[in-house]
Amino acid sequence: MEERRSISDIYGGRLALQRRSYSPSCREFCLGCPRLSLRSLTAATCAVWLVAYGLFALCQNSMVLSTAIFITLLGLLGYLHFVKIDQETLLIIGSLGIQMTSSYASGKESTTFIEMGKVKDVVINEAIYMQKVIYYLCILLKDPVEPQRVSQVVPVFQSAKPRLDCLIEVYRSCQEILAHQAVTSTSP
Amino acid sequence: MTKPHLNMAYRKVNGHGQSITSKPSHTNCGIHLLRRTGTHNICMVSDFFYPNMGGVESHIYQLSQCLIERGHKVIIVTHAYGNRKGIRYLTSGLKVYYLPLKVMYNQSTATTLFHSLPLLRYIFVRERVTIIHSHSSFSAMAHDALFHAKTMGLQTVFTDHSLFGFADVSSVLTNKLLTVSLCDTNHIICVSYTSKENTVLRAALNPEIVSVIPNAVDPTDFTPDPFRRDDSVITIVVISRLVYRKGIDLLSGIIPELCQKYSDLNFIVGGEGPKRIILEEVRERYQLHDRVRLLGALEHQDVRDVLVQGHIFLNTSLTEAFCMAIVEAASCGLQVKSCEYQVGGIPEVLPDNLIILCEPSVKSLCNGLEKAISQLKSGTLPDPEKIHNRVKTFYTWRNVAERTEKVYDRVSREAVLPMDKRLNRLISHCGPVTGCTFALLAVLNFLFLIFLRWLTPDSVIDIAVDATGPQGAWTQQYSFSKKGEDNKEISESR
Numbered sequence: 001m002e003e004r005r006s007i008s009d010i011y012g013g014r015l016a017l018q019r020r021s022y023s024p025s026c027r028e029f030c031l032g033c034p035r036l037s038l039r040s041l042t043a044a045t046c047a048v049w050l051v052a053y054g055l056f057a058l059c060q061n062s063m064v065l066s067t068a069i070f071i072t073l074l075g076l077l078g079y080l081h082f083v084k085i086d087q088e089t090l091l092i093i094g095s096l097g098i099q100m101t102s103s104y105a106s107g108k109e110s111t112t113f114i115e116m117g118k119v120k121d122v123v124i125n126e127a128i129y130m131q132k133v134i135y136y137l138c139i140l141l142k143d144p145v146e147p148q149r150v151s152q153v154v155p156v157f158q159s160a161k162p163r164l165d166c167l168i169e170v171y172r173s174c175q176e177i178l179a180h181q182a183v184t185s186t187s188p
Numbered sequence: 001m002t003k004p005h006l007n008m009a010y011r012k013v014n015g016h017g018q019s020i021t022s023k024p025s026h027t028n029c030g031i032h033l034l035r036r037t038g039t040h041n042i043c044m045v046s047d048f049f050y051p052n053m054g055g056v057e058s059h060i061y062q063l064s065q066c067l068i069e070r071g072h073k074v075i076i077v078t079h080a081y082g083n084r085k086g087i088r089y090l091t092s093g094l095k096v097y098y099l100p101l102k103v104m105y106n107q108s109t110a111t112t113l114f115h116s117l118p119l120l121r122y123i124f125v126r127e128r129v130t131i132i133h134s135h136s137s138f139s140a141m142a143h144d145a146l147f148h149a150k151t152m153g154l155q156t157v158f159t160d161h162s163l164f165g166f167a168d169v170s171s172v173l174t175n176k177l178l179t180v181s182l183c184d185t186n187h188i189i190c191v192s193y194t195s196k197e198n199t200v201l202r203a204a205l206n207p208e209i210v211s212v213i214p215n216a217v218d219p220t221d222f223t224p225d226p227f228r229r230d231d232s233v234i235t236i237v238v239i240s241r242l243v244y245r246k247g248i249d250l251l252s253g254i255i256p257e258l259c260q261k262y263s264d265l266n267f268i269v270g271g272e273g274p275k276r277i278i279l280e281e282v283r284e285r286y287q288l289h290d291r292v293r294l295l296g297a298l299e300h301q302d303v304r305d306v307l308v309q310g311h312i313f314l315n316t317s318l319t320e321a322f323c324m325a326i327v328e329a330a331s332c333g334l335q336v337k338s339c340e341y342q343v344g345g346i347p348e349v350l351p352d353n354l355i356i357l358c359e360p361s362v363k364s365l366c367n368g369l370e371k372a373i374s375q376l377k378s379g380t381l382p383d384p385e386k387i388h389n390r391v392k393t394f395y396t397w398r399n400v401a402e403r404t405e406k407v408y409d410r411v412s413r414e415a416v417l418p419m420d421k422r423l424n425r426l427i428s429h430c431g432p433v434t435g436c437t438f439a440l441l442a443v444l445n446f447l448f449l450i451f452l453r454w455l456t457p458d459s460v461i462d463i464a465v466d467a468t469g470p471q472g473a474w475t476q477q478y479s480f481s482k483k484g485e486d487n488k489e490i491s492e493s494r
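Sequence order for the protein chains is G and V. Start counting the first sequence at 1; every next residue gets the next number (UniProt numbering). Start counting the second sequence at 1; every next residue gets the next number (UniProt numbering).
Quick caveat, the hints were computed from the structure, so don't treat them as lab data. Mixed in with the good hints there might be a few duds.
As the list claims (entries may be wrong) - Reference listing, derived: stretches of chain G covered by chain V, where coverage requires no fewer than 3 residues with Cβ under 8 Å from a Cβ of chain V:
1. 7-19
2. 127-138
Said to hold, decoys possible - No more than 27 Å apart at the CA atoms, straight line, and that leaves these computed lysine-lysine pairs for DSS-like:
3. 102(V) - 132(G)
4. 371(V) - 120(G)
5. 85(V) - 142(G)
6. 108(G) - 84(G)
7. 392(V) - 363(V)
Said to hold, decoys possible - Every beta carbon over 12 Å from chain G, so not counted as near; a handful from chain V, in silico:
8. 62
9. 80
10. 95
11. 99
12. 218
13. 273
14. 303
This structure is a prediction, so every number in the text was calculated from the model and none was measured. We put the beta carbon where it would ideally sit given N, CA and C, even for glycine.
Make the full structure from the sequences, and use the hints.
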């Protein structure tokens, strides 16, 4: 079962939410960010080149221009490889754990897996972020020594930053699966 | 990319997992409540809030709690204290925003009039605030919030907690700023009539928009306990910050004089400050180590334990808008004696038979104290329990909240000044130079607000889930449960 929807992020931009339900205890949420637009790429390149030409006009040194070429190329590569995230996926399997995958624009993927035994809860929290106060979804991890305490908070959908309505939807699904898991694990 | 502040206290949005799911079913009842009582969404702004300790802090906290009890939605905005930044919930869902703004001087934030607008606007919009209530004229953040709220067209209330002089340079400057800040504020609350007079003069206000609502004490925290004190000697208690304004120089004058006269007289001094060295010198010079005890800084919960050890409470403040300390002392059943000064609000605080007032001079204070001691020895002083029962009825927070609510009701019916009238008011009220400067700043602030609205329109800002108020998730969840569970929930969130 697959469902596709367009939602908005905290800046008012568009995001694509894909929801796949494989079984009652296994669901996947996929948030796709818009691709790198030609406009912002052009703007960034132009800015670097204009500064470089300004410096060149002042000091008449052609080194400036070659540096500018390297800065643009390396900057673009670095941005695509380390910063720009195209898609973020949250896969939750009741009996196994939670997996978060972010795929970068260059094709690189980074995956974090948290086994169910370590997950204490999934909650929505508020934080002050830049000049905003936003809601975000996060996973609370159990302290291995004291199971009642929380050792770490892992934020989900860090780069997409969807709005509260989307978070509540994901949150409810997660809670359903967690509750289902709690029932099955206590019964023999 | 910057991560959200992860080191702030994590907190579930609604305490329990399922509460968001259960929320819509209560909406109808919420709207019904809203119609019946006409509740407000109030935002308290001040630089001073817990964990910092003081009168303003406890005033804001107690007032908010009582307003929540009356069904209003209340949030508090303050600046970050060390590691305490982000959003926290206190008892009965009181939400506190600790904003990461730079602290300049004496726990007050720096002000540029503009840099706090994006965050404050975001909070006002997401919490759907209708009334901004700022506290304390020393707080730069409170004035900033007033300025922004007026730009955004929200109703504003200001509470002044302190008295000022008129003579020296610093007070002339602060008075000018206060004039600017208060000239277009909807309503001002003062804690005593003296303070009202002072504020009206300082800020050149129309007295009709200034109300007097005194502070209150929690009488259950300050109960007398006559068995704790040693009746073989007479103990005089002084609790105040040891600074010039509290008259510590007078205190250092009367301690040796009275100690020579009465052999059974002891002093207990609680508090910390730059003038402590004077008291230590006096103690050293007259060899009074066993009779004058300096306790240093006291936690608020320890104050009562110190108060009940004494027979007489001495307050030497030179100026005080509303002296909380003497009400607390009287509530503990002590005979209060205080220094009267021309611009003090002390005389109106307690009835004459509970307090002895003196001129601020060593001689007059000694006479007053001798009178109190002779009364004590002859046994004509009223019983501590009786004093407590009388004082208990004078100042309660519920009463304060009721009266503040009336101010809110009145303010919410008033119209907020539109921009052109506001500019006129600024220019005509605050003198040509200051008025024009601040009118220009107001225009700039308005343009900045338009820019911010273009950058992030109000429709993009998520409406926050209410913790308190008619549709408060917290109130609905816990109104029928025991208080103990509440406390557990809070200690979990810490």
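Cross-check of the supplied hints:
For the segment 7-19 of chain G, the assignment as covered by chain V holds, since 4 residues bring a beta-carbon within under 8 Å of that chain's beta-carbons and 3 suffice. Only when three residues or more bring their CB closer than 8 Å to a CB of chain V does the claim for the segment 127-138 of chain G stand; here the count is 11, and the claim holds. Of the supplied pair hints, the one linking residue 102(V) and residue 132(G) holds, its CA atoms being roughly 17 Å apart against a limit of 27 Å. A distance of roughly 66 Å separates the Cα atoms of residue 371(V) and residue 120(G); the hinted pair therefore is violated under the 27 Å criterion.
For a cut-off of 27 Å, the pair hint linking residue 85(V) to residue 142(G) stands: about 23 Å separates their Cα positions. Note on residue 108(G) and residue 84(G): the hinted pairing holds, with a Cα-Cα distance of about 10 Å set against a maximum of 27 Å. Only pairs whose Cα atoms come within 27 Å are accepted, and residue 392(V) paired with residue 363(V) is rejected, the gap being roughly 33 Å. Listed as outside the interface, residue 62(V) is consistent with that label: its C-beta sits roughly 25 Å from the nearest C-beta of chain G, beyond the 12 Å cut-off.
For residue 80(V), the non-interface assignment is contradicted: its Cβ lies about 9 Å from the closest Cβ of chain G, within the 12 Å cut-off. With a least CB separation of 9 Å from chain G, residue 95(V) falls inside the 12 Å interface cut-off, contrary to its annotation. Against chain G, the non-interface label of residue 99(V) is violated: not every CB pair exceeds 12 Å, the least being about 7 Å. Its beta-carbon lying about 30 Å from the closest one in chain G, residue 218(V) satisfies the requirement of being farther than 12 Å from that chain.
In this structure residue 273(V) is separated from chain G by more than 12 Å, as the shortest Cβ-Cβ distance comes to about 34 Å. Annotated as non-interface, residue 303(V) keeps its C-beta farther than 12 Å from every C-beta of chain G; the closest such distance is 33 Å.
Comparing the model with each earlier hint shows violations of hints 4, 7, 9, 10 and 11; every other hint is respected.
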